[in-house]
Amino acid sequence: MRRRLFLAAVVLHGLVLLGWAGALERERATATPIRLAVVQRDPRDLLRGDYVTLNYAISDVPLHLFAGPRPSSGGRRVWVLLEPRGAVWEAVAASLERARLSLAPGQRVIVGTLLWGGPRGARVEYGIERYYVPEGKGTPPGGRIEAEVRLTADGRPHLARLFVDGRPYP
Amino acid sequence: MGERFARRLASEVREWVSEGLVTAEQAVRILARYPEGAGWLARPAALFALVGGALIAAGVALVVAHNWENIHRWVKLVGLVVLMGLAHGAGLAARGRGYPRVGAGVTVIGGALLLVGIALVGQIYNLSGRPSDAVLMWWVLLLPAGYALPTVALAGLAYAGVVVWFLMALWDPATWLGAGLHARFEQATVALGAFGVVLFGVGALHAGDAWRRLRTQLESLGLVGLFAALLMLGALWREGRLRPEPGAAPAAMILLLLAAAAAVASAAGLPATRPGLRRGFVALLLGLLAYLGAVKTAVATGHPAIVATLALVGWGVLLGAALGVILFGARWGRRAWVNVGLLAIGVEAIVRYVDLFGTMLEAGALFLSTGVFVLALGWALERVRRRMTPSAAER
Chain A
1 MRRRLFLAAV VLHGLVLLGW AGALERERAT ATPIRLAVVQ RDPRDLLRGD
51 YVTLNYAISD VPLHLFAGPR PSSGGRRVWV LLEPRGAVWE AVAASLERAR
101 LSLAPGQRVI VGTLLWGGPR GARVEYGIER YYVPEGKGTP PGGRIEAEVR
151 LTADGRPHLA RLFVDGRPYP
Chain B
1001 MGERFARRLA SEVREWVSEG LVTAEQAVRI LARYPEGAGW LARPAALFAL
1051 VGGALIAAGV ALVVAHNWEN IHRWVKLVGL VVLMGLAHGA GLAARGRGYP
1101 RVGAGVTVIG GALLLVGIAL VGQIYNLSGR PSDAVLMWWV LLLPAGYALP
1151 TVALAGLAYA GVVVWFLMAL WDPATWLGAG LHARFEQATV ALGAFGVVLF
1201 GVGALHAGDA WRRLRTQLES LGLVGLFAAL LMLGALWREG RLRPEPGAAP
1251 AAMILLLLAA AAAVASAAGL PATRPGLRRG FVALLLGLLA YLGAVKTAVA
1301 TGHPAIVATL ALVGWGVLLG AALGVILFGA RWGRRAWVNV GLLAIGVEAI
1351 VRYVDLFGTM LEAGALFLST GVFVLALGWA LERVRRRMTP SAAER
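As given, the protein sequences belong to chains A and B, one line each in that order.
Each residue of the first sequence is one higher than the last, beginning at 1 in our numbering.
Each residue of the second sequence is one higher than the last, beginning at 1001 in our numbering.
No wet-lab data here; the hints were simulated from the structure.
The beta carbon of each residue, even a glycine, is placed where N, CA and C say it ideally should be.
Watch out, some of these pointers could steer you wrong.
Unchecked claim - Chain B residues, not near chain A, derived (Cβ > 10 Å throughout):
no.: 1; residue: Val1064
no.: 2; residue: Ala1104
no.: 3; residue: Phe1328
Unchecked claim - Example chain A residues on the side facing chain B (calculated, C-beta under 7 Å, incomplete):
no.: 4; residue: Phe6
no.: 5; residue: Ala9
no.: 6; residue: His13
no.: 7; residue: Gly22
no.: 8; residue: Ala23
no.: 9; residue: His64
no.: 10; residue: Phe163
no.: 11; residue: Tyr169
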């Protein structure tokens, strides 16, 4: 009996891993692709191999874009309204309450987590700040970096690809 | 049978005969039951099998590593899940054939592969969520497997995950725990002490010989967390950093309440020698939690005089707690408690010594005198330890 319980737990481990990957695949396949400007990057992750830490233009949201309560302590969910400006999408409004943002045609909303807020604005993390690259290729060449992000209908982002001067990297 | 075991048995049996525990004839029969044989590693076949197996494993690893980028993501994932299943299957098989330690070791590899799998999904899909969430997912999945078989090694690995997750979450401002306690060192220290009591309580509930090692590890780890928190509060006081910091920290309060429940529940797992003793020990734990709660409240509500008083009292609280743990540990044959209690007293004594003489002596003299003090302290504590654990028997 205990042996069966243990085997059931091990099977569950496998199912969770495969099911999780399957759910991510499905979300990515149905999400809308947008491009975001990357303003800074930093390589390396000891646990999961080489990666590039990305800092997006929309990671720092100015205070004047916020509707409703001012961002203060970290940990809260933030909704940021994006609009295409040329090749990339930029933040045009933000709020700690989803209901305060109304979508105009062509706009999309992205969900992040507030890291901290201050008198000048807020620092937001979207969960797309790491891009894993082959071993030894953690530092992209210099140039204009953009990230292709797939946004689900409810605003959850998935990082798909990186572009350096318009060409896929690596 | 292993060479070392046979030699040890022969020496033990000689003593048993001289003490009259067994007759000479019985001694011969006991020794005949466990004949001295060469270690398995000394056999050429085993040695070649080991070297060959290692070379094959290295070759497979190199082939996979060189082609990693070209392997489809689903092949990577399914391959890892199959490896994980094989490890657990091999662990079960080894256990069934009478090699429980080998079985436990291979099962631990299976448990570790689950964490590798979580990291692999994170890498494939470029997820950059909170690292503590990955560890949380790992131990939540692993713990039921540890209890299902049951296997102490796997459960121990899962609890190691619990500790790592707690510490990661505590220092990460993006987590619920970290958001309330980040950059508030006093509150985080109180939370660490409360977490220590939670671990201790969970450990104490593991009754029976099968769980003895896990219980000892969790109890020791819990006590280390508790004493570390008390020592850190003392350090904060010394550096003048223990100041009122208005603002509630609900995470620390919730942990304190959880710790109080764990302390009360731990009574069920303590030895039933005398009910009064168990109540006394639970009262000691609750008293320590009350102290941590008072520090938390004083720091949060901002009464400098109360904060200063509590900080001063802290040194006595640490000493009293360590003595209490040593005495209860000696009474109940919990060697690990005695060791952790003595360690806490030792560290506290060294800290106080450096506090007292740190600014009074030249660097060279300070090092020399501290060295002599530490040696003398170690000798004295070891004497106390030997006296407190005469039977040296873990119950």
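Results of checking the hints against the structure:
In this structure B:Val1064 is separated from chain A by more than 10 Å, as the shortest Cβ-Cβ distance comes to about 13 Å. With a closest Cβ-Cβ approach of about 13 Å to chain A, B:Ala1104 is found to remain outside the 10 Å limit, as its non-interface label requires. Even its closest Cβ contact with chain A, about 33 Å, leaves B:Phe1328 beyond 10 Å, as expected for a residue assigned away from the interface. Hint status for A:Phe6 relative to chain B: holds, with the closest Cβ pair at about 4 Å, below 7 Å.
This hint holds: A:Ala9 has a C-beta 4 Å from the nearest C-beta of chain B, less than the 7 Å allowed. Residue-level restraint check for A:His13 holds (minimum Cβ-Cβ distance to chain B is 5 Å; threshold 7 Å). At its closest, the beta carbon of A:Gly22 sits 9 Å from a beta carbon of chain B; the interface hint therefore is violated under the 7 Å criterion. Evaluation of the A:Ala23 hint against chain B yields a violated restraint, the C-beta minimum of about 10 Å exceeding 7 Å.
The closest approach between the C-beta of A:His64 and any C-beta of chain B is roughly 24 Å, which is over the 7 Å cut-off, so the hint fails. Evaluation of the A:Phe163 hint against chain B yields a violated restraint, the C-beta minimum of about 14 Å exceeding 7 Å. For A:Tyr169, the suggested interface contact is broken, since its CB lies about 13 Å from the closest CB of chain B, more than 7 Å.
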